[in-house]
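K.L.:
Chains as they are written, first to last, in this note's numbering: chain A, 1 to 614; chain B, 615 to 1156.
If you are wondering where the hints come from, they were derived from the structure by calculation, not from laboratory data.
On a predicted model such as this, the values are computed, not experimentally measured, just so you know.
Please note: incorrect hints may appear among the correct ones.
[What the hints assert, rightly or not] Simulated restraints, written as ranges between beta carbons of each label pair: (1) A:GLN154 to B:PRO874: 37 to 43 Å; (2) A:THR237 to B:SER713: 51 to 57 Å; (3) B:SER764 to A:LYS134: 46 to 52 Å; (4) A:GLN154 to B:SER764: 31 to 37 Å; (5) B:GLU727 to A:GLN106: 35 to 41 Å; (6) B:GLU727 to A:ASN185: 42 to 48 Å; (7) A:GLU198 to B:LYS734: 48 to 54 Å; (8) B:PRO1021 to A:SER538: 56 to 62 Å; (9) A:ARG613 to B:ILE989: 35 to 41 Å; (10) B:GLN997 to A:ARG613: 38 to 44 Å.
Where a beta carbon is used, it is the ideal one built from N, C-alpha and C, also for glycine.
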Amino acid sequence: MLKPVRPTRKPLTPKPAMRKEVEGPRVGVFICQCGVNIAGVVDVPEVVKYADSLPHVAYCEDNIYTCSEAGLASIKDAIKNHGLERVVVASCTPRTHEPLFRSACQEAGMNKYLFEMANIREQCSWVHSHEPEKATVKAKDIVRMAVARASQLQPQEEAEIDIKDSSLVIGAGIAGLTAALSLANQGFKVYLTEKEPELGGNLRRLHRLYPTMQAASEVLNPLVEAAKAHKNIRIMTSTAITDVKGYVGNFHVIASKNGQKHEFEVGTIIVACGALNYEPPEGLYQYGIYGQVVTQFEMDQLLHKDAIKEPERVIMIQCVGARKGEIRAYELEAFTMSDTSRILRKILKSRKEEGWPYCSRICCMNAIKNAILIKEKSPKTDVVILHSDLRIYKEYEDIYSKARDLQVKFIKFIEEASPEITETQDKRLLVSVYDMLAGREVQLTGDWVVLSTPLIPHKDSVLLARTLKIPLSPEGFLMEAHLKLRPVDTQMDGIFLAGAATGPKDVPESIVSAKAAVARAATLMANKKMRAEAITASVNPDLCRGCGRCEEVCEFNAIELVEVAPKVINAKVNEISCKGCGTCSVTCPTGAITMKHFTKGQVNAMVEAALARV
Amino acid sequence: MSRYEPRIVGFLCNWCGYAGADLAGTSRLSYPANIRIIRVMCSGRVEPAFILNAFENGADGVLVAGCHPGDCHYRSGNQHAEKRIEKTKKLLDLLGVGSDRVRLEWISAAEGEKFASVIKDFTEKLRVKGPSWLGKEPPSTRTAHDAKESIHDVLKRTKALYCQECGKCSSSCPVTRLDPSYSPRLAVEKALLGLEDAVLTDKGLWSCLTCYLCRQRCPLDIEYDELIRTCRAKAATSGIAGNCSHEGVLFSLSRIMANPEARQNRLKWVPKEAEIAKTGDVLYFAGCLPYFNVVFDDINVKNIEIAQSMLKILNAAGIRPVLLENERCCGHDLSFAGDRNNFEKLAKMNMAAITETHVSTVVTTCPECYRTLKIDYPEFLGQPKFEVLHASEFLTNLIDEGKIKFPGKLPMKVSYQDPCRLGRHMGVYDSPRKVITSIPGVELVEMSRNRESALCCGVSAWMGCGRHSKQMQMERLAEAKGTAADLLVTACPKCQIHLNCALSEKLPVNKEEVAIETCDLSVLVARALNLTQSSNMEMNKK
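Chain A with its partners taken away, still in its complex shape (with noise of 0.2 Å):
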């Protein structure tokens, strides 16, 4: 089926050789058919005759992949041969790659500020798939959007700021000693900062790890007597991060230990506040009714004590208060069997659970942990893991394994049927449940339910986001800058995420994320510079009437007055603090304040060329 499609590609428009006479500034288009997620909806030929119309444009081609190494050759030689002063490709969002492309206009000897992005993949085609025609019209409007922008940029110079070498790593679990061990080994200083009284977070409170069943305060312990006795790291404890100031290199941080204010400057933050172990709602499952009913945090918790004294049967419930809302793979009316769909729709019931609509990864390796432990420690206890799936990934199918080895039991329910838990008559816990693959409802009586519930954002992460101004993702955890290109990044520059911060993570994913988070801290502080991005306002003195409009409104305390003469006032940019986000700008009434790199000359000609009638 594949073999006659194989071979076939879509062509390359023949790139022009001879140089074209357009007035002024000479424009270059780079079209990317992306393989086929732009070729394969737009009609790119037709986009590159098209720009190739436009006015300015000087030099017209298309790539597969605009971003390989041969693309950006060809870019660069471009901008060479045929003169070009401003270049616009037309592909991806600007937010993947476009510093990629920057660099290797700035080798070419372009001011990277000459350079223009045409999202016709994320906004057109990945979009309009089903509307091959107008995605292609749409396309050729945003590419005739980013020249008309393209041909009124300036270039731009930018301000370098020092980075100080110095580190704030918020949490101190497993993520936030890690990173704050890294870093220090490194020579950085850093301040570690814990909410509660203790250093360890989660991991204080765990049993044991799996896959290799050692004790937690094996893993903990050693960490935080290193980080206690390292002379990089200055541990705050019972503190909370109640402000941060300033920017990447220089951030002002004000602290709160047990009411009393401590302030600071670090260079770079890594956010490690971890995550919260979902208690379930009193009545879930009999949770908070039953005693016999606990989450499987408490079982950690119960097994470290020794309170498991050889029960008859342990019952684990997985996906309590996860996974809702989340799509099912089947339908209940695709049940034919009259019988089933019979009990089915009386055993089930529409109950509003409460709950939290992903998977938290960790849960059923943790489960089967747990399973493993009470099974060795007591082999004639019967336990029974009920599930709707089992999630279990990498090298962790060993401990399952090593679970079906020891003979714990799985049952497969669905979410529209999930188990129901009744008192027996001598104090014992009836479970009932609708296994799926036997097809018939089992009654299974236990000492012990355990629900395994997910890791869930805590509150106080969540306002610490906000101060931070990291914004969150669906499921309320902090949102990585891209999940794939900058996983440990935010849209913060200067600010890092490690740990379960993020998500779910167990002990070595939460480890290896703080290890990248403290990788990217590192480098920034190691470089001791870094370029801010050259969209800062500016003010024209002869338009500025000193109303002090702009001042007011700055959150960046980036702009003031000053006196200029006798009697007159002035605004004045520091180009430093300014974040270039333009409120300055619109407030100003004469218009005297510039946005460089989104002048509103810029902005304009976008809106006249999204308009135009071609």
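With chain A's structure known, arrange chain B on it following the hints.
P.N.:
Just chain B, lined up with the frame of chain A:
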């Protein structure tokens, strides 16, 4: 038959809105292909002028998407965006474009689904609503129609050909006094030497206040302001534009009104109990007051009070004035900013609309509308059948004829700011003074520079507002304060706006030196006639 496809322009903030749209793409969601997205760093960057520009160019809808409140990447940019868009919506309602064509949404970087559903919903709603009437015509060129007059002909017409270089213009010019690099004499000389390019590209071309002070003093009566106005029109044809304040919003409004399809909602300010008519003897031309009322709601000036007061006075005098439902901007500012093309469109439509009512008198509270209707319209449309009077002249007549009588005393000292357009342009100095002094108890104290020597309020036609305008305003207000008057009476909504704007800002001098309440002539009269309870006299108490 092709279906109408709404054309939507979207301003999405880099951190949330744009990222949310990207996520919709990454998630391969589908939505209609009607939107064209412009990335800005923050929703707070979106100027009302961008939105109006989009509509001027034929957009059917505009979407602005920013971070959720509290989550703005720049802390409060989105809060400012919200206020600005509220204002823009009011303007769009007044214009008859419809505030539901603008949508402000909070879409976070994680809300790809929300983005897709917003686009679907907005596109459908716009499809049902139908196309924007602004889209029927291609946008009028902002530039003038061909200013075919050669520089030589302009110099002849304005008598600048006879300039004897005495320099009285430059020494009188209030702009030159503050900015020595600006010189009317030099500009005329350059024009005479045939240095057309130098004249048209000089930024000083846009500094002139067209206040007529030079013309007043010139021994040869050279029409310098007319030279400036024509040169601006010529510059505009070459794509040269001066700097307009308020992001050119006021010009956008006028240009939108110049579209023949415009059906405004501009009579909402008329109180229910007011008496107006569709035909009659007198027409009240309110001008852009309903729009100023929205744009300038933050400088302590309730412009619409001027219109409301005038209407009350007319009713009290037994007059039921005609109010045009589709009264358009008179075009004065566009004309003085170089956009002759749109000025002429407005002129023709206004002239036709007024003539249709068969009124014998048109009265206006704005000296710029007054000058434009009385002098500029007839210049190319011929003498109309109606007489044009400024409110001060009309009120003088009403007082003389005994149609309005002041019931009591209003004991206060007031000073009076002669508007350039009313005073020097049209020679009306006595009528406003007559009205003021007719009010029992009111004592008029003149500023040292009054009548023909009055100082301009610092800005003309929204052009070139800046450092020097502020200095002029400080000077003029200090002068007013120096008379020890309780109140500064203005007879021009623009004078009031510009002077109050200066007072609402950070001051380079002590407040006591310049802070004085301002009040429009018609508002003062209405108050004196006990027709209004509050006025901006109370509000201006600082």
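K.L.:
Hints first: check each against the structure and report whether it holds.
P.N.:
Evaluation of the provided hints:
The supplied range of 37 to 43 Å is met by A:GLN154 and B:PRO874, whose beta-carbon atoms lie about 39 Å from each other. The hint said 51 to 57 Å for the Cβ distance between A:THR237 and B:SER713, and at roughly 54 Å that hint holds. For the pair B:SER764 and A:LYS134, the beta carbons lie near 50 Å from each other, so the given range of 46 to 52 Å is met. At about 35 Å, the beta-carbon gap between A:GLN154 and B:SER764 stays in the expected band of 31 to 37 Å.
For the pair B:GLU727 and A:GLN106, the supplied restraint of 35 to 41 Å holds, since their beta-carbon distance comes to about 37 Å. Range check, B:GLU727 to A:ASN185: about 44 Å between beta-carbon atoms, so the 42 to 48 Å window is met. Take A:GLU198 and B:LYS734: their Cβ atoms lie about 51 Å apart, and the range 48 to 54 Å holds. One distance hint, 56 to 62 Å for the beta-carbon pair B:PRO1021 and A:SER538, holds here, with the actual separation near 57 Å.
Distance hint check for A:ARG613 and B:ILE989: the Cβ-Cβ separation is about 38 Å, which falls inside the suggested range of 35 to 41 Å. Between B:GLN997 and A:ARG613 the Cβ separation comes to about 40 Å, which falls inside the hinted range of 38 to 44 Å.
Of the hints listed earlier, there is not a single one the structure fails to meet.
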